[in-house]
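Novice: We have chain E; now place chain G onto it with these hints.
2 protein chains.
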Amino acid sequence: MEEDLAMEIIDGGVTAVQGFKASGLHCGIKRSKADLALIFSEKEATAAGVFTQNVVKAAPVILTMEHLSSGRARAVVVNSGNANACTGERGMSDAKKMAELTADALGIKPQEVVVASTGVIGVPLPMDKIQRGIYEAAEKLSADGGPTAAEAIMTTDTYPKKFAVRCDIDGTPITVGGIAKGSGMIHPNMATMLAFITTDVAVSPKMLRKALKSAVDKSFNMITVDGDTSTNDMVVVLANGLSKIPIIDAETPAYFKFLKTLERVCLELAKEIVRDGEGATKFVEIEVLGASSIEGARKLALSVATSNLVKTALFGEDANWGRILAACGKAGVEFNPSKVDIFLQSKVGTEQTARGGMGLPFSEENASRILAEKEIKIIINLNDGESSVKAWTCDLSYEYVRINASYRT
Amino acid sequence: MEEDLAMEIIDGGVTAVQGFKASGLHCGIKRSKADLALIFSEKEATAAGVFTQNVVKAAPVILTMEHLSSGRARAVVVNSGNANACTGERGMSDAKKMAELTADALGIKPQEVVVASTGVIGVPLPMDKIQRGIYEAAEKLSADGGPTAAEAIMTTDTYPKKFAVRCDIDGTPITVGGIAKGSGMIHPNMATMLAFITTDVAVSPKMLRKALKSAVDKSFNMITVDGDTSTNDMVVVLANGLSKIPIIDAETPAYFKFLKTLERVCLELAKEIVRDGEGATKFVEIEVLGASSIEGARKLALSVATSNLVKTALFGEDANWGRILAACGKAGVEFNPSKVDIFLQSKVGTEQTARGGMGLPFSEENASRILAEKEIKIIINLNDGESSVKAWTCDLSYEYVRINASYRT
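The listed protein sequences correspond, in order, to chains E and G.
Taking our numbering, I'd label the letters of the first sequence as residues 1 to 409.
Taking our numbering, I'd label the letters of the second sequence as residues 1 to 409.
Don't read these hints as lab results, they were simulated from the structure.
Note that the structure is a prediction, hence the values are computed from the model and not measured.
Accuracy of the hints is not assured; some may be wrong.
No copy is singled out in the list; a pair is fine if it fits within one copy or between any two copies.
[As the list claims (entries may be wrong)] DSSO-like cross-link-like pairs, simulated, lysine-lysine; straight-line CA separation at most 30 Å:
(1) Lys96 x Lys339
(2) Lys129 x Lys213
(3) Lys97 x Lys339
(4) Lys206 x Lys30
(5) Lys213 x Lys96
(6) Lys213 x Lys390
In isolation and in its complexed conformation, chain E is listed as follows (with noise of 0.2 Å):
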């Protein structure tokens, strides 16, 4: 996909694009790190979100869905350190105040705020702390504060995630960037993944909306750390307009080329997300061809990516195709077993384990070789149909364990 649109990747993630800026702190809700970062939009800009399906969501999470439903937003503010999760209308009323404090800070109005909160569930944000820290924030704003942005963002994952790239629609430059933070377990509670994109793209929100989702889900919606999903996971992009193209209303192609260019910003930042998964040893490429169905497929290479079998299989580097095939079975699509073919694939070489649902006579020695990678693929083609997908894991490790069964205090 990459090759069809000549894209080139630049520095600075959200405020590699012209007219926003962003800041990073500490303002006391961690120890010493920072946990506090802003995002702003100098223009009006268009806005989209997609939020985690968990039941159970966290206040910023609520209130940052009926912001967007207008299409529009100019600020994002995002604490790490406190969830604001399972805290009730005290929680509620804590995420308004972010919006309000921070529209105060910015001149604009509290429902052109994004509000996001990574960290502890079922503890009160400190907001006399939050308080302080967003004016201090609004203050050092600055058009090279994306990379401190991704660091404010951060809860247990070991670097921060930033990721922007430029690329031409007839003629005319275009910018989408991006920050992230991963999946990461945090004392006491909940992975969460946060990601923030800017882009000066002039697009309606329908569009804006529509090209979100799409990318979403390839990107961010095909990997997993640990199955569970948090519940204050959201994407949010914004789009101010800045850029000289026409305004993107339909599915025109200058939508498409936006499209790919915000579908590789969420893929480098999902992808990087798995890389720094808690206690993972491998990156996993899972890649499912010859499906008869997209969303079957989807599901197989979900399920694989999932399996705590496949995943400590591949800690051990183990050529355990068997429990790949099984993964599949246990997805809840249907399929033919005896049409499947499994291969093991890394940067050294591709062994083929299984064909026609039936173990190969394979070399242990050149799978081996394989999975010692750091970055491996599985392979999986059903034979069955034209449609592909990727997901992406990591696998599971005794450091997994360590980090997760780690006392809150």
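Specialist: The following block gives chain G in isolation, referenced to the frame of chain E:
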């Protein structure tokens, strides 16, 4: 439930029931441990089975489903050490051969034989060894062979699982006995759950199927070790009618008494499987109360039971109620999070950690004492209806990762 109907726990597993013989021996699939079991009903018996929902079904599962469509069976032959799964046409012909050999050795029809296998995936059965083993097992059949059969079906189980009870229906004694093997992973492949149950009740095939389905839904279908389902799972019951009670062919009071007895045996065996789960250090009961439907409660309980985040927290003895609530939220069931109460319980006490979906200031010390026990209960009250269910799981430990990451050879 057990209180309603006086039941006497008795020894012997499947041979605790009159008219059933069994044996177990080493035929040579494994290096030295017993690997072939036979159960035989001297009289023609009614039979029913439930089977893995995995799309990838091993040959013996497919064959046994066919055989049990008649509602009759007289023998069960089981090998451990090799699952005869993903073995193509050869696998089906081997499964049929196992039925034919068993029928020949016992003087019955091949269609009266239940065939089960558990162990390595994708490797053909050593049929010469199995052939000799079947004839030897037929010679060794005895009325106290239940325990040796329980040993011969083990894979990574650390102890054999058997249970039997006797109770009275209208003054006439009936007996139900069973053996099971657990969700252990075997070199190289799949967790398989097998259970074989015998009874001297006289019951129509239709009512036996109904009773088994109902009992399994409350027991084997409510346990999880790692959320992966095997290609080989099966639970089969044989009823020889030697008890003097009149035949059960409708939902009579006798049917419900038999059902309770059958449920008890299924439940005890299912719990033993969880207790012996790979790497398990905790046995955890999850009770969902106050649900608006049984189906919803079931999904919630199993979502908590399969959550890696909950299971690692239990290993770490961490009173992490946020993960429990979040695991409910991802079950795909609608409920009102702000009505949920969560309690942690063990024999040393009870601690409520959340009320109305919000954290309570609970005693960490008391919670730690509770979670330090080997047997723990999580109670989730949705306060939204009258339905309740129980599920059972174990924690996720370093040892689970070690067992499942170890190389196949």
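Novice: Taking 30 Å as the upper bound on the Cα-Cα distance, should Lys206 and Lys30 be classified as within, between, both, or neither?
Specialist: neither (38 Å within a copy, 63 Å between copies)
Novice: With identical chains, the pair Lys96 and Lys339 could be close in the same copy or across copies; at 30 Å between alpha carbons, which is it: within, between, both, or neither?
Specialist: Close across copies (22 Å), not inside one copy (55 Å); limit 30 Å.
Novice: If the cutoff is 30 Å on CA atoms, where do Lys213 and Lys96 land: within, between, both or neither? Let me know, please.
Specialist: within (26 Å within a copy, 51 Å between copies)
Novice: One pair to classify: Lys129 and Lys213, alpha carbons no more than 30 Å apart. Within, between, both, or neither?
Specialist: neither (35 Å within a copy, 57 Å between copies)
Novice: How do Lys97 and Lys339 come out at 30 Å by Cα distance, when the copy is not named: within, between, both, or neither?
Specialist: between (57 Å within a copy, 25 Å between copies)
Novice: For Lys213 vs Lys390, is the C-alpha pair at or below 30 Å within one copy, between two copies, both, or neither?
Specialist: Answer is within: at 17 Å inside a copy they meet the 30 Å cutoff, but 37 Å across does not.
Consistency with the previously given hints fails for numbers 2 and 4, ordered from lowest to highest.
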